[in-house]
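Chains as they are written, first to last, in numbering that gives the first Met the number 0: chain A, 0 to 179; chain B, 0 to 169.
Keep in mind the hints are simulated off the structure, nothing from the lab.
Honestly, I wouldn't trust all of these hints.
Computed cross-link-like contacts, BS3-like style, restricted to lysine-lysine with a CA-CA straight-line distance of at most 25 Å [to be verified]:
id, chain 1, residue 1, chain 2, residue 2
1, A, 30, B, 36
2, A, 146, B, 31
3, A, 18, B, 52
4, A, 124, A, 68
5, A, 171, B, 31
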Amino acid sequence: MIAEADLVDQLKDPNAQSKAFEVLVNTYKQKLYWHIRRIVLNHDDTDDVLQNTFIKVYRNIGGFKGESKLYSWMYRIATNEALSFLKSKSKKQGISNEELQNQMLSNLQADVYFEGDEIQLKLQKAIATLPEKQKLIFNMKYFQELKYEEISDILETSVGGLKASYHLAAKKIEAYLKDN
Amino acid sequence: MKELNKNNPFKTPEGYFENFTDGLLDKLSEEKLNLPKDDGFAVPEDYFDGLHKNIQQRLDADETKVVQLHPYRKYYLAAASIAAIVLLFFGFNWNTPKELTFDDIASADIESYFESNELGLTTYEIAEVLPVDELEINEILENQFDEENVIDYLNENVDDIEDLNLEDYE
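Please construct the entire structure, taking both the sequences and the accompanying hints into account.
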């Protein structure tokens, strides 16, 4: 696998850019897809947000100074894109974030690309009750199995804070599943 | 009676307290959860295979887009929106009530315009297109506000007026 620093150099080089971008997309498409999918839940919306994320990465790679790792920079863009997408969606429909979450969950039941059973659907409902940041942390740790250090780079939060948030999120989910 | 030794004879391993919080958080966050690991989401067949091609097509399409004939149109739109906000803010009164007034423009529409359009305008560019003369802005700036009104306004609109550390410098 190509080293991250070399890939960044190639992305900034007009002669190597095109090939490097293909490598970049192929390397990160699945990881970023699942990250976005767990925020927006629906496949078509995820596809839109994912494409926008890669386009933003392509257009802004010139300004990437390497102060953070490329993958954490891309994850940050993906997170912002997904959250802004939801924000503008709720604004367009004139509904609150909570109402949008409920709408997304009820759509999930009829989604052809959701093959979850009753427990998996209930788990999504439990996750939807979490505050935004806890939701991100829980998904990144539990489903994506990212290391705390990686999540810390992406969300710019201390590892200790992440561990505490994850524990709180897990307890809330367990309590929700027990009560419902 | 023999004097009791006040010194604590108990010792802790080196760095115990420094590492206590980390150890506790590790323990809490590593607790096993009785939840399914598979969340049930699926993707259309071959979706990932065609992704790069789709993104590349979008990038190519953007690059070959026809240059806008009126590139300044968006600046005018931006200027109009800014003027609308400024006028709303300063309580501009229309003398012709039958025509559309700025009150008819929902602030949400203006807000969403700014949110959904990358204006990329610098303050200088805004100043260039904003018809400041027509606003008679000097009239507003030259007006002296009554101190009492200012205090009343702050009292009503600031959560904790004490935090402002207002002092009398006169």
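How the hints compare with the structure:
1. Proximity of residue 30 of chain A to residue 36 of chain B is assessed by CA-CA distance (about 16 Å); at most 25 Å being required, the pair is judged to hold.
2. Taken as a hint, the residue 146 of chain A and residue 31 of chain B pair is honoured in the structure, with Cα atoms around 16 Å apart against an allowance of 25 Å.
3. Distance check on the hinted pair: residue 18 of chain A and residue 52 of chain B sit about 12 Å apart at the alpha-carbon level, within 25 Å; holds.
4. Distance check on the hinted pair: residue 124 of chain A and residue 68 of chain A sit about 33 Å apart at the alpha-carbon level, beyond 25 Å; violated.
5. Distance hint between residue 171 of chain A and residue 31 of chain B is fulfilled; the C-alpha atoms sit about 14 Å from each other, no more than 25 Å.
Checked against the numbered hints listed earlier, the structure breaks hint 4 alone; every other hint is satisfied.
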